[in-house]
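Protein chains: 2
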Amino acid sequence: MKSTKRKRLEAEGWKVGSAQDFLSLTDEEVEYIELQLSLAALLAKRRKSLGYTQTEVANIIGSSQSRVAKMEAGDPSVSVDLIIRALLALGANRKHVARAIGASPSA
Amino acid sequence: MKSTKRKRLEAEGWKVGSAQDFLSLTDEEVEYIELQLSLAALLAKRRKSLGYTQTEVANIIGSSQSRVAKMEAGDPSVSVDLIIRALLALGANRKHVARAIGASPSA
DNA sequence: CCAATGTATGTCAAATATGGCATAGAAAGG
DNA sequence: CCTTTCTATGCCATATTTGACATACATTGG
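Going down the list, the sequences are from chains G and V.
Sequential numbering of the first sequence, starting at 1, is according to this note's numbering.
Sequential numbering of the second sequence, starting at 108, is according to this note's numbering.
You may find that some hints are simply not true.
Below, a list of computed lysine to any residue pairs in the SDA-like style, where the Cα atoms sit at most 20 Å apart [stated by the list, open to error]:
#	chain 1	residue 1	chain 2	residue 2
1	G	Lys95	V	Gly158
2	V	Lys202	G	Glu28
3	G	Lys70	G	Glu56
Covered stretches of chain G (in silico footprint by chain V; criterion: 3 or more residues with CB under 8 Å from a CB of chain V, positions within the stretch not fixed) [unchecked claim]:
#	segment
4	48-58
5	68-76
Residues from chain G that face chain V, not an exhaustive set, calculated with beta carbons under 10 Å [to be verified]:
#	residue
6	Asp27
7	Glu28
8	Glu29
9	Glu31
10	Lys45
11	Gln65
12	Val80
13	Asp81
14	Leu82
15	Ile84
16	Ala98
17	Arg99
18	Ala100
19	Ile101
20	Ala103
Think of the hints as simulated: they come from the structure by calculation, not from any bench.
Remember, predicted model here, so these are calculated numbers, not experimental data.
Beta carbons: idealized from backbone N, C-alpha and C, even for Gly.
Can you make the complete structure from the sequences, with help from the hints?
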C-alpha cells in the first residue's frame, strides 16, 4: 500500500472520530479508521464484560498487555487483522464483528 | 500472534469453506478463514461489476496484479487488512464490508 | 493453431506489524 | 500517603506482509 506511511502520520493524534475536517483524510481513510475504531471499541467492551484484564487477554491470545492496550486504543500500529483475531479468540463470531463494523465508531 | 505459523500451514490447500473436518481447525480459525473468504469474494465481485481487470485494480490501490489475484483467492499470505483497504478503494463502505462479513463465504 | 489479454503461482528484498520488555500514568483500596 | 492492580506509551529485534517481478496457466477472438 503506497499511502500507508502518509496515513500513519495523519492518524497520529486524532483519537476520536469526526476527524475528517482537521487533517485531509480521504473518505476511504475515514472509513478505514472508523472501522478500526469500531472494532477496537468492541474488543474493549467484550473484554470488560467478560471481566478480563488486558494481561489476561494477552495470555489468551498469545500477545502482550501493551499490544492489547494498543488494540483497544485503535493505535495505527495495530492491524485490523489482529483486532479481529482477538475478538474471535474472545468468543465473538462473524456476526458480532459485522455488527460492529457496520455501526458508527462512537456508537 | 503465536498461532500464525500453524494457521498458515493448516490453511494451505483447502480452498473452499467447509474445511473444518479435514484439518483440525478451531472454531475461531474457521470463523477467521470464512471471514477472509467472504471479503475476498466481495472484492472479486466488486471489481468485476466495475469492469476492471486485476491489473487496473492493482494500479488504483498501488499494488500489483499478483497480489490482487491473491487477495481474491483469499490466499493466506494476504491480510484481511489489505482486502478491506482494497474494497474501500473501490468505493465500498463499512456497510458493504459488514454485510459481506456477516454472510456465509459461499453466499 | 496462434496471438492477446487476463488471471494464477512462486520468489524475494523491503516495508510493516508483532511480541516482549521497561516504564509511566491512573484508579482503587487501605 | 502508599501499595497494588490495571492500563498507556515508547522502543526494539524478529516475524510477517507487501509490492514487484518472472513466468505459467486460461480464455477468447482471429
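Review point. Taking the closest Cβ pair, is Gln65/G under 10 Å from chain V?
Key: 15 Å, violated
Exercise for review: Report holds or violated for the interface hint on Leu82/G, using the least CB-CB distance to chain V and a cut-off of 10 Å.
Suggested key: 7 Å, holds
Point to revise | 20 Å limit on alpha-carbon distance, applied to hinted pair Lys70/G and Glu56/G | key: Holds, at roughly 15 Å.
Review point. Holds or violated: the segment 48-58 of chain G covered by chain V, criterion of 3 or more residues with Cβ-Cβ distance under 8 Å?
Key: violated (count 0)
Point to revise | Interface hint compliance - Ile101/G to chain V, C-beta minimum distance less than 10 Å | key: 4 Å, holds
Point to revise | Interface hint status, Glu31/G versus chain V (Cβ within 10 Å) | key: Constraint on Glu31/G satisfied, holds at 5 Å.
Review point. Holds or violated: is there a CB of chain V closer than 10 Å to the CB of Ala98/G?
Key: 3 Å, holds
Review point. How does the coverage statement for the segment 68-76 of chain G fare against chain V, requiring three or more residues with Cβ below 8 Å from a Cβ of that chain?
Key: violated (count 0)
Practice item. Using 10 Å as the Cβ threshold, decide whether Ile84/G counts as touching chain V. Key: 6 Å, holds
Review point. If you take the shortest Cβ to Cβ gap from Asp81/G to chain V, is it below 10 Å?
Key: Check passed: Cβ of Asp81/G comes within 5 Å of chain V, closer than 10 Å.
Review point. Is the hint on Lys45/G kept, meaning its closest Cβ partner in chain V is under 10 Å away?
Key: Result: violated, 17 Å to nearest chain V Cβ.
Check your understanding: Are Val80/G and chain V close enough, Cβ to Cβ, to be under 10 Å, as the hint says?
Key -> 5 Å, holds
Figure legend: structure checked against the earlier numbered hints; hints not met, in rising order: 1, 4, 5, 10, 11.
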